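Student: Listed here are the chains, written in short residue letters.
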Amino acid sequence: MIEIEHLTKRYGETIVVDDVSLRVEEGTIAVVVGTSGAGKSTLLRMINRLVEPSSGRVLIDGRDTLSIPEDELRHRIGYVIQAYGLFPHRTVSQNIATVPRLLGWDRKKIAARVDELLDLFQLDPGEFAGKFPHELSGGQQQRVGVARALAAKPAVLLMDEPFGALDPVIRSKAQDDLLAIQRRLGATIVLVTHDMNEAFHLGDRIAVMDQARLLQYAAPAELLTHPAEPFVEQLTGTAERPFRLLSLTRVKEALEPGDAEGEALVLSTTLHDALARLIALGKDALPVIDASGKAVGRITVERILAHGRLPA
Amino acid sequence: MSARALTFRAAALILLVAFITAPQLFAFVFKPLTVNDAPAIYNHGSLLALTLSHLRTVFLATLASTVLAVGLGIFVTRPSGSEFLPLSRSLVNIGQTFPPVAVLAIAVPLVGFGEKPTFIALFLYGLLPIFENTLAGLSEVPPQALEAAKGMGMNARQRLLQVELPLALPVILAGIRLSVIIGLGTATIGSTVAAKGLGEVIIAGLQSNNVAFVLQGGLVVALLAVLIHDGMGIAERAVAKRLGRPVDEVA
Chain F
12 MIEIEHLTKR YGETIVVDDV SLRVEEGTIA VVVGTSGAGK STLLRMINRL VEPSSGRVLI
72 DGRDTLSIPE DELRHRIGYV IQAYGLFPHR TVSQNIATVP RLLGWDRKKI AARVDELLDL
132 FQLDPGEFAG KFPHELSGGQ QQRVGVARAL AAKPAVLLMD EPFGALDPVI RSKAQDDLLA
192 IQRRLGATIV LVTHDMNEAF HLGDRIAVMD QARLLQYAAP AELLTHPAEP FVEQLTGTAE
252 RPFRLLSLTR VKEALEPGDA EGEALVLSTT LHDALARLIA LGKDALPVID ASGKAVGRIT
312 VERILAHGRL PA
Chain X
979 MSARALTFRA AALILLVAFI TAPQLFAFVF KPLTVNDAPA IYNHGSLLAL TLSHLRTVFL
1039 ATLASTVLAV GLGIFVTRPS GSEFLPLSRS LVNIGQTFPP VAVLAIAVPL VGFGEKPTFI
1099 ALFLYGLLPI FENTLAGLSE VPPQALEAAK GMGMNARQRL LQVELPLALP VILAGIRLSV
1159 IIGLGTATIG STVAAKGLGE VIIAGLQSNN VAFVLQGGLV VALLAVLIHD GMGIAERAVA
1219 KRLGRPVDEV A
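Line order of the protein sequences matches chains F and X.
This note's numbering puts the first sequence at residues 12 to 323.
This note's numbering puts the second sequence at residues 979 to 1229.
Calculated directly from the structure, the hints in this document are not laboratory data.
Treat the numbers as computed from the prediction; the structure is a model and nothing was measured.
Treat the hints with caution; some may be incorrect.
Said to hold, decoys possible - Quick list of in silico lysine-lysine cross-link-like pairs, DSSO-like style, CA-CA up to 30 Å:
1) F/Lys164 <-> F/Lys184
2) F/Lys120 <-> X/Lys1219
3) X/Lys1219 <-> F/Lys142
4) F/Lys120 <-> F/Lys142
5) F/Lys119 <-> F/Lys142
6) F/Lys184 <-> F/Lys263
7) X/Lys1009 <-> X/Lys1174
8) F/Lys142 <-> F/Lys184
9) F/Lys119 <-> X/Lys1219
Claimed, not checked - Where chain F lies over chain X, by a calculated footprint (3+ residues, C-beta under 8 Å):
10) 1130–1138
11) 1141–1155
Backbone N, C-alpha and C define an ideal beta-carbon position, used for all residues, glycine too.
Can you build the whole structure from these sequences, using the hints too?
Tutor: Right, here's the structure in full:
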């Protein structure tokens, strides 16, 4: 768990981060969004003390980060930056082994950990372990960057625009992979992005920053239904909001009893995708089945639209 | 390097070794260049000994330049030393601007005749390429790699030894190579102040108006320079390759 308390960073007269407080629960992803220059990266870099706060403090699992020596603190916090910063003179496995080596793990344990991570990130150890970063594609470099950050099993992972350098197709795959890995490892992640779609896709909670201030820190749905300030509404896309809301809701929540004709939808489908199917098929209702294939009810256009309605 | 180029270098090396170990075998080549029955092959000392002493002076001077220039280059690229960057640049530049002959002239009254003044001249002359290349190499280290290194908890020393220096190494080596080559040529003037070296052969030739001597001294120095230049180039590429850089990236 990360607790940020009244964190402020000033450079002379300029305030880059202005009295930000927020709490990231164990095993969740907090996404910090905002325009460039809003102070997102500075906020992130204050967590691992790459930037020293002017005032305020950060607690990780209840411990003030100022009480831990800088380098030791950073050994325990995974850090991924946009261009990954892989060491060009080291192979993939040497890159991944960086922090374990700094921590003085024995050779066998490091080798086992590297193989484990390569497997986790779907990089065949036989093929990739000995490659140099310049021999990898962008998506592979990104995976190595994240694997390296996770190598010493850090309690917390900080990611600064980790998907920014990827093309859209690879990006959404990389986001799904990150989600899967995060669920599996139960890692606590703080991720900075300026991409709203990414924020809604990944965030358990989203922090919206503008001009050094934290405007709102809330669950994605709440950000849409109760934006704290006009800027939040604008950033989430005024016209897009109902659709985003439908993307966040699953068929399960809009299920009604009854039956319908046609190809069944699964409970875990988002309302956004369900509506798309209904529109495409020209139907008002479709049957719904659970994961085992048993019919559990139906979904209607009317119910879906009701879920996309925003409070006045 | 192509097979042809390699064969050519190997031939040059064999020729060089043969000439400095048994110069009399080549007397017939130089005989036509002499007049009045002057000796065709330098006869005041062994060419082998002169070559070794020449190489020794250059090696020691370059080693000293390397230690100081790389050390200085590292120092002024640290936050604590950045103030000294302009000053060290000027000092190193003066070392390069000052003609070695002038350094010899000043050094002889201070340290006497022999190898010492030559060593000082070569040392000063060799600083600039190594210093500038150290700065260039260190400044070319990708900032993201440094940011990541810091973010993963490497301390300043670990960043220098594990990230910065390995990445800068090929460029630093290129600077050292340049200094060695400059030094090989410059060391010949050391013989004017009685340093043992190949300059002795050239000067003897000039004094006795013997073209054969001048040519011998000049050829040995030239062959040494070409071969050492190539040899170090191969070493640089090997290092760059081990550091995971495509070979053609290093000039």
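Student: Hint by hint, note whether the structure agrees.
Tutor: How the hints compare with the structure:
no.: 1; hint: F/Lys164 <-> F/Lys184; in the structure: 23 Å, holds
no.: 2; hint: F/Lys120 <-> X/Lys1219; in the structure: 28 Å, holds
no.: 3; hint: X/Lys1219 <-> F/Lys142; in the structure: 12 Å, holds
no.: 4; hint: F/Lys120 <-> F/Lys142; in the structure: 21 Å, holds
no.: 5; hint: F/Lys119 <-> F/Lys142; in the structure: 20 Å, holds
no.: 6; hint: F/Lys184 <-> F/Lys263; in the structure: 25 Å, holds
no.: 7; hint: X/Lys1009 <-> X/Lys1174; in the structure: 25 Å, holds
no.: 8; hint: F/Lys142 <-> F/Lys184; in the structure: 23 Å, holds
no.: 9; hint: F/Lys119 <-> X/Lys1219; in the structure: 27 Å, holds
no.: 10; hint: 1130–1138; in the structure: holds (count 5)
no.: 11; hint: 1141–1155; in the structure: holds (count 3)
Hint violations for this structure: none, all hints satisfied.
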